[in-house]
Amino acid sequence: DAKTTQPPSMDCAEGRAANLPCNHSTISGNEYVYWYRQIHSQGPQYIIHGLKNNETNEMASLIITEDRKSSTLILPHATLRDTAVYYCIVRPLIQGAQKLVFGQGTRLTINP
Amino acid sequence: DGGITQSPKYLFRKEGQNVTLSCEQNLNHDAMYWYRQDPGQGLRLIYYSQIVNDFQKGDIAEGYSVSREKKESFPLTVTSAQKNPTAFYLCASSFRESYGYTFGSGTRLTVV
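Read top to bottom, the protein sequences are chains W and C.
For the first sequence, our numbering begins at 154 and goes up steadily by one.
For the second sequence, our numbering begins at 7 and goes up steadily by one.
Do not rely on the hints blindly, as some may be mistaken.
[Claimed, not checked] With beta-carbon atoms standing in for the labels, derived distance ranges:
#1 C:F18 - W:T179: 35 to 45 Å
#2 W:S162 - C:Y16: 22 to 32 Å
#3 W:T179 - C:D65: 10 to 20 Å
[Unchecked claim] Pairs of lysine-lysine, DSSO-like flavour, derived with a Cα cap of 27 Å:
#4 W:K252 - W:K156
#5 W:K252 - C:K77
#6 C:K63 - C:K15
#7 W:K222 - W:K205
#8 C:K89 - C:K20
#9 W:K205 - W:K252
#10 C:K77 - C:K20
#11 C:K76 - C:K15
#12 C:K63 - W:K156
#13 C:K63 - W:K205
#14 C:K20 - W:K252
#15 W:K252 - C:K15
#16 C:K89 - C:K15
#17 C:K63 - W:K252
[Claimed, not checked] Here are some, though not all, of the chain C residues that point toward chain W, as calculated from beta-carbon distances under 7 Å:
#18 Y16
#19 F18
#20 G22
#21 P45
#22 L49
#23 L51
#24 L96
#25 G106
#26 S111
#27 G112
Everything labelled a hint here was simulated from the structure, so no lab data went into it.
Just so it is clear, CB atoms sit at the ideal spot from N, CA and C, and this is done for glycine as well.
Can you build the whole structure from these sequences, using the hints too?
So this is what it looks like as structure tokens:
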């Protein structure tokens, strides 16, 4: 079970903000929200993660709703190189290895 | 630079043959993972290992075997018992209490 729901595909114009939604209505209190992306024929790349506060790094921002049942990944100024499949994953952060469960993700296409 | 290396990048196998995919990391990560990805699909977990000389089956372990004799290495053998071995195979690693996974660049296996 991926435990998350994402739209299968989205389009965004180059230079605009790309907002990728994710529903995780059954998230538990100790589970974090992680985002990865996979460019064609490469291994997935970690983007960002968060628990309940909004997070920002050099790649993206993560907005988590107050009830934590959904979140949005924001790429503020999308470029053609951001075209990829984006995976939203929930996972507890506790001691010991925790396997990631990947769903289908959202295929984001950045158009020139 | 630390990283995770998978080899070879492309591999062809005749039906009925076993083949071993290599995965090596110099990140000093405790945990390592093998995922399989079919065209247009998400990643599915085959095996994972939290420490040396210990590993657990993932969701689709049938027809695969692994070993973890060294912390740095986690080879995957695709046996002749695997009915549909043609796929993209991804290896990953993480600290036991780390936030994210580091993925290799993958091995594309084709049965001919």
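How the hints compare with the structure:
1. Between F18 (chain C) and T179 (chain W) the C-beta distance comes to about 42 Å, which sits within the given range of 35 to 45 Å.
2. At roughly 28 Å, the beta carbons of S162 (chain W) and Y16 (chain C) sit within the given window of 22 to 32 Å.
3. A hinted range of 10 to 20 Å holds for the C-beta pair T179 (chain W) and D65 (chain C), which are about 19 Å apart.
4. Taking the CA atoms of K252 (chain W) and K156 (chain W), the gap is near 13 Å; set against the 27 Å cutoff, the hint holds.
5. With a CA separation close to 18 Å, the supplied pair K252 (chain W) and K77 (chain C) stays within the 27 Å bound.
6. Using a Cα cut-off of 27 Å, the hinted pair K63 (chain C) and K15 (chain C) holds, with the two alpha carbons roughly 24 Å apart.
7. As the CA atoms of K222 (chain W) and K205 (chain W) are separated by approximately 10 Å, the hinted pair is consistent with the 27 Å bound.
8. The suggested pairing of K89 (chain C) with K20 (chain C) holds, with an alpha-carbon distance near 13 Å, which does not exceed 27 Å.
9. Between K205 (chain W) and K252 (chain W), the direct Cα distance comes to roughly 21 Å. Compliance with the 27 Å bound is thereby established for this hinted pair.
10. For a cut-off of 27 Å, the pair hint linking K77 (chain C) to K20 (chain C) is broken: about 31 Å separates their Cα positions.
11. With a C-alpha separation of about 22 Å, the suggested pair K76 (chain C) and K15 (chain C) falls inside the 27 Å cut-off, and the hint holds.
12. Simply put, K63 (chain C) and K156 (chain W) have alpha-carbon atoms about 20 Å apart, close enough for the 27 Å limit, and the pair holds.
13. At most 27 Å may separate the alpha-carbon atoms for a hinted pair to count; K63 (chain C) and K205 (chain W) exceed this at roughly 32 Å.
14. For the hint pairing K20 (chain C) with K252 (chain W), the CA-to-CA distance comes to about 31 Å; that exceeds 27 Å, so the pair is violated.
15. A threshold of 27 Å between alpha carbons decides the hint, and for K252 (chain W) with K15 (chain C) the separation of about 24 Å falls inside it, so the pair holds.
16. Taken as a hint, the K89 (chain C) and K15 (chain C) pair is honoured in the structure, with Cα atoms around 21 Å apart against an allowance of 27 Å.
17. Between K63 (chain C) and K252 (chain W) the alpha-carbon distance is near 11 Å, which keeps this suggested pair within the 27 Å criterion.
18. With a least beta-carbon distance of about 11 Å to chain W, the hint placing Y16 (chain C) at the interface is violated under the 7 Å criterion.
19. At about 17 Å, the closest approach between the beta carbon of F18 (chain C) and any beta carbon in chain W exceeds 7 Å, and the interface hint on this residue is violated.
20. With a least beta-carbon distance of about 27 Å to chain W, the hint placing G22 (chain C) at the interface is violated under the 7 Å criterion.
21. Contact between P45 (chain C) and chain W, as hinted, is not supported at the beta carbon level, the nearest pair being about 11 Å apart and thus beyond 7 Å.
22. The beta carbon of L49 (chain C) comes within 4 Å of a beta carbon in chain W, closer than 7 Å, and the hint placing it at the interface holds.
23. Satisfaction of the interface hint for L51 (chain C) is found here, the shortest Cβ-Cβ separation to chain W being roughly 5 Å, below the 7 Å cut-off.
24. Restraint check, L96 (chain C) versus chain W: the minimum CB separation of about 5 Å is within 7 Å; hint holds.
25. Restraint check, G106 (chain C) versus chain W: the minimum CB separation of about 4 Å is within 7 Å; hint holds.
26. Interface restraint check for S111 (chain C): the shortest CB-CB distance to chain W comes to about 5 Å, inside 7 Å, so the restraint holds.
27. With 7 Å as the threshold, the beta carbon of G112 (chain C) comes within range of chain W, its nearest partner Cβ sitting at about 5 Å, so the hint holds.
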